[in-house]
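Student: Sequence:
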Amino acid sequence: LEELQICSNNYPSVSSTYNCIHNNLKRIYIYNNNITDWTSICNLGHLFPRLETLIASDNPLKTFHSDDNVEICLPKLHTLSVDRVQISEWNDIIALTKLPCLHALRIYSAPLLKAYQKDERFFLLLGYMKDLKKLNGSDITASEREASERRFIRYYSQRDDKPQRYFDLIEKHGNLKPLVDIQIRAPYLTQVRLIYNQTTYDKEIDVRQTVQQFKKYLQETFQLPLNRLRVFHVDDVAFNMGLAGPEELKYPQRVLHTYVDYIA
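So for the sequence shown, this note's numbering puts the first residue at 1; every next one is plus one.
I should point out that these hints are in silico values taken from the structure, not numbers from a laboratory. Glycine included, each C-beta is placed from N, C-alpha and C at the ideal position. Hints may contain errors.
[Claimed, not checked] Derived DEER-like restraints, expressed as beta-carbon distance ranges:
{"id": "1", "residue 1": "Arg-106", "residue 2": "Glu-71", "range": "13 to 23 Å"}
{"id": "2", "residue 1": "His-22", "residue 2": "Arg-145", "range": "31 to 41 Å"}
{"id": "3", "residue 1": "Ile-195", "residue 2": "Glu-120", "range": "23 to 33 Å"}
{"id": "4", "residue 1": "Tyr-201", "residue 2": "Lys-118", "range": "37 to 47 Å"}
{"id": "5", "residue 1": "Tyr-201", "residue 2": "Asn-227", "range": "34 to 44 Å"}
{"id": "6", "residue 1": "Asn-34", "residue 2": "Glu-171", "range": "18 to 28 Å"}
{"id": "7", "residue 1": "Glu-71", "residue 2": "Thr-199", "range": "22 to 32 Å"}
{"id": "8", "residue 1": "Tyr-201", "residue 2": "Gln-86", "range": "14 to 24 Å"}
{"id": "9", "residue 1": "Tyr-188", "residue 2": "Glu-248", "range": "32 to 42 Å"}
{"id": "10", "residue 1": "Arg-106", "residue 2": "Asn-23", "range": "42 to 52 Å"}
{"id": "11", "residue 1": "Arg-159", "residue 2": "Glu-247", "range": "21 to 31 Å"}
{"id": "12", "residue 1": "Glu-146", "residue 2": "Arg-230", "range": "16 to 26 Å"}
{"id": "13", "residue 1": "Leu-229", "residue 2": "Leu-4", "range": "40 to 50 Å"}
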């Protein structure tokens with residue numbers, strides 16, 4: 001037996017009987033129960049030491065902390081689904097980074113994440129979790145990771161509650177100049193000039209869209225194949241002063257307002 005499904009049974013907890021260990025089980029589905037404490041999850045690890053995949057969504061888990069050492073009780077867990085749980089602190093996400101093999105995580109809905117837009121949740125989760133390779137079913141590209149880590153630095157540079165991960169990323173990427181907070185201090189819509197060969201358009205664009213969405217808009221505007229489009233941003237003032245040249249918008253999932261200092 002390598003897979004066990006014990007879903008929708010209203011289990012409030014899982015106790016561990018250490019003289020009853022199953023070494024073959026690799027996947028457990030325990031979603032839609034009433035488990036509130038992470039100790040129960042660790043107990044599953046004690047019972048099934050080769051556990052690799054755990055689907056524990058739809059449980060009212062209030063924390064990802066316990067007194068157990070997850071390096072010992074969950075040493076092989078690489079895929080974890082904890083969607084629709086009740087965590088409310090980033091320290092719980094930090095606790096997941098102690099899982100030595102975790103590289104795939106699914107978590108959409110939790111009180112912690114309600115205050116953030118989708119793109120904000122993405123860069124914060126990637127910023128905290130350096131070993132994550134897949135988030136909510138999507139593979140994480142190298143460019144997405146770099147962009148998220150850089151945005152993570154800028155986000156926390158203006159805050160007093162800097163986590164240790166912020167300083168780790170400063171060592172990796174250096175100190176980065178803060179970007180304009182579009183949501184608070186600048187409008188979502190801004191005027192830009194679009195130029196292709198001899199064709200020029202003055203347009204109003206929404207800087208909340210991603211580069212990929214913007215390219216699709218340009219495809220329709222200039223009637224060009226999407227795979228031939230390369231987009232560059234030029235800050236006229238900085239360019240004329242010799243402070244900056246054209247910057248390519250090459251990361252598909254980055255939103256426009258995070259790219260440069262910027263378009264507003």
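Student: Hints numbered earlier in the text: which of these fail when held up against the supplied structure?
Tutor: Failing hints, ascending: 4, 5, 6, 7, 8, 9, 10.
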